[in-house]
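Colleague: Line order of the protein sequences matches chains A and B. The first sequence runs 537 to 958 under the numbering used here. The second sequence runs 537 to 958 under the numbering used here.
I should point out that these hints are in silico values taken from the structure, not numbers from a laboratory. Worth double-checking, as some hints may not be accurate.
Note that the list lumps identical chains together, so a pair holds whenever it fits in one copy or between two copies.
Simulated crosslink set (EDC-like; lysine to aspartate or glutamate; CA at most 20 Å straight-line) [claimed, not checked]:
no.: 1; residue 1: K548; residue 2: E724
no.: 2; residue 1: K741; residue 2: D729
no.: 3; residue 1: K548; residue 2: D899
no.: 4; residue 1: K741; residue 2: D730
no.: 5; residue 1: K548; residue 2: E869
no.: 6; residue 1: K548; residue 2: D730
no.: 7; residue 1: K741; residue 2: E658
no.: 8; residue 1: K741; residue 2: E853
no.: 9; residue 1: K548; residue 2: D558
no.: 10; residue 1: K741; residue 2: E760
There are 2 protein chains.
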Amino acid sequence: MLDLRQHIAAAKQASLAAATLDTRIKDQALLAMADAIGASRAELQAANAEDLAAAARAGLAAPLRDRLALTDKVLDAMADGLRELAAQPDPVGEISELRRRPNGLLVGRMRIPLGVIAIIYESRPNVTVDAAALCLKAGNAAVLRGGSEAFHSNQALGRLMGDVLERLGLPPSLVTVIPTPERGAIAELLQLDDLIDLVIPRGGKELIRFVAERSRIPVIRHFEGVCHTYLDATADPSIAAPVVVNAKAQRPATCNATETLLIHADALDRCLLPVVEALVAAGVELRACERTRQALRERGFVSNQVVAAEPSDFGREFLDNILAVKIVADYAEAVAHIQAHGSSHTEAIITSDHATAMRFIRDIGSSTVIVNASTRFADGQQLGLGAEIGISTTKLHAFGPMGARELTTLKFVVFGEGQTRL
Amino acid sequence: MLDLRQHIAAAKQASLAAATLDTRIKDQALLAMADAIGASRAELQAANAEDLAAAARAGLAAPLRDRLALTDKVLDAMADGLRELAAQPDPVGEISELRRRPNGLLVGRMRIPLGVIAIIYESRPNVTVDAAALCLKAGNAAVLRGGSEAFHSNQALGRLMGDVLERLGLPPSLVTVIPTPERGAIAELLQLDDLIDLVIPRGGKELIRFVAERSRIPVIRHFEGVCHTYLDATADPSIAAPVVVNAKAQRPATCNATETLLIHADALDRCLLPVVEALVAAGVELRACERTRQALRERGFVSNQVVAAEPSDFGREFLDNILAVKIVADYAEAVAHIQAHGSSHTEAIITSDHATAMRFIRDIGSSTVIVNASTRFADGQQLGLGAEIGISTTKLHAFGPMGARELTTLKFVVFGEGQTRL
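Throw the hints in and build the complete structure from the sequences for me.
Modeller: Now the structure itself:
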């Protein structure tokens, strides 16, 4: 039987060493992993072929099998990602806010790793390398548990990374791929709160709920992305139309795609037709409120892609080429609608009015708030974090896209000259 | 029957208003609360008298009754604390790291409140005001649940704060004191993860465990403070002796008091006698390793305050005038001992060597790491945070003493000019 605790205890021990590794050595390991992926293509694809064959036997749908495949293109992208990460700054070790207290103590904060981070994910085996690399960059040990359908691929990638670490004289337990496909191992892992500091589930709603409900360890959750784009009274139609189409239709199945369009009543004359025409041309189905349909009829617009919205269409994550549309009387109604139906993920306003833009930035509590651009920018790469380990929709520790820095914390450092407390 | 959910839903609603309150208005409320405490002394003390009488009838020990008492001095300190907090900077609204992306998007982070924070605490009623004020300063709604023995005092303080908020036109639900002393209400509260963003338990180990085990809401925990002070080979005895005495004996029952003294073997000749003599003179009992006792015998030091350490004395939180003492062969053994026996709270090094000081700061992963000063400085006021809502010994979200800023998070803000994603 697998002694899971022993594996994780080794990861914990390795994390103590990782916390003080020089940047140069961590980046050297990332580059060596990139090279090893290039050099081990044949072995990786042989292991992957076992998973693909099993998936075919099990009758897995074609899109799921596509996600599983370690093609040359996927392997190259993994290696490129490692090289990009190596080029980014090391978040660990920075001392900030160093200030002198009245008694002469110098007090500051130093950025340090979290320790051991477990990532639990679904089919794509590239997550195995991406997540391990981000953890390593931030000085953490990674414990990885992918989908059972990618078991052989993940094992091979884990061996590859372990070999590189060992060759460089680093503890191979910095990257631990759980060596069993059994689901019971996840439940067991989630009990080890004395060894693991953070759990990040990546995948569908059910996986995230499963992890959040069973974990004794803190979990960073990513729930739904019910994103809104709001056309303010002063929205410029030449911005509104392309941005709304991009926000909905560029990749409708992603969590940062817009699901509901809110339109200020005063924007109807200028914006309604150009925006609706562009959406319909892009193949989007509109689930429109009665007032929107009335306004379209008045303007002589007819399309069978415009249907009546059900109340449940507002606040719904379609993950498809479908958009709910609602006319609001004013700014306050738009904000109230978002507060009632949003998921704190990402909201955008299209406006020409500076005061309204700044008010929206302040009033909306979502993890990403955007002025005059597509909600699709709510993504670690796009926002300049480099690689992304996930998107948090809860506020504690991290809120929004998470990069390497979000896998660290701050401790206090104090420099004295013999001070004692009075 | 109390509808707890309805009370907390009102707090949630109030938190939306609180998130965008102007600094001036929040500070005005804090100052008005300070004035109200001065003006309502008689009512507050009458409510407190009910609690004190019940405590006397229940045979509560004198120190516990002392903690419960709202004396003039305690009320003045509460009012002073509110005025100091009003004078501090508002953490909310700051936009930082605003940078332009290659596509022209301007991306930054904005500090925002967490939302609704529940604080569950034990006897001292002053926590009711301190915690509510810190939450309000950071734009959060506070849900407060104190010890049942302080029920009437806490209700009176809650009414006072609610009246001030109402008078200023603010939602009184910004401060919600749970209106029942029943313990079942805590378990119920801990289930409301759709309404409450964070739970902070303040009190003994049992309370913290009770909350952590039952909560569906993220909890910031404060476990034991097993703090170490390490005398390096180059420790200056004129710093070591007063700092170690202060770290242990200034207030031995606090979580930042030193529990174990580690001494480098090369420091014995210069430091052992001055440090041990000062500790014994301060009334401290030393639980010393065999090598320490041998070294004291060789130096002709005899005291019945020096006894043999049990293995369990290392890693133990005495919370008393007792100190475990161990000689280590070198720096590495000191670090390994701290990693094995510490609680990640606070550790200090006494050294004259700069490189060793900087190495210790890097090697020790505790929430506060101190060079040449007393571990007793690990405290929000002392470190310059202003008021403190607790000390986190887990790394997620906050690590170490927590002030108003630790009751906030960062969201992304994005300013565009019509950008769409490619």
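Colleague: Work down the list of hints and note, for each, if the structure agrees.
Modeller: Tested hints:
In this homomeric assembly, K548 and E724 come within 20 Å of each other (Cα to Cα) only inside a single copy, at 16 Å, whereas the closest approach across copies is 35 Å. Taking CA atoms no more than 20 Å apart as the test, K741 paired with D729 passes between copies only; the shortest distance there is 17 Å, against 23 Å inside one copy. For a Cα distance limit of 20 Å, the shortest separation of K548 from D899 across copies, 15 Å, qualifies, whereas the shortest one inside one copy, 42 Å, does not. For the homomeric pair K741 and D730, the shortest alpha-carbon distance between copies (16 Å) is at most 20 Å, but the shortest distance inside one copy (27 Å) is not.
For the homomeric pair K548 and E869, the shortest alpha-carbon distance between copies (18 Å) is at most 20 Å, but the shortest distance inside one copy (50 Å) is not. In this assembly of identical chains, K548 and D730 lie within 20 Å of each other by CA distance solely inside one copy; the values are 9 Å within and 33 Å between copies. In the homo-oligomer, the alpha carbons of K741 and E658 lie at most 20 Å apart inside one protomer (11 Å), although the nearest pairing across protomers, at 38 Å, exceeds that limit. In this assembly of identical chains, K741 and E853 lie within 20 Å of each other by CA distance solely inside one copy; the values are 12 Å within and 42 Å between copies.
In this assembly of identical chains, K548 and D558 lie within 20 Å of each other by CA distance solely inside one copy; the values are 19 Å within and 45 Å between copies. Only within a single protomer do K741 and E760 lie at most 20 Å apart by alpha-carbon distance; the minimum there is 8 Å, versus 36 Å between protomers.
Consistency with the previously given hints is maintained throughout, with no hint failing.
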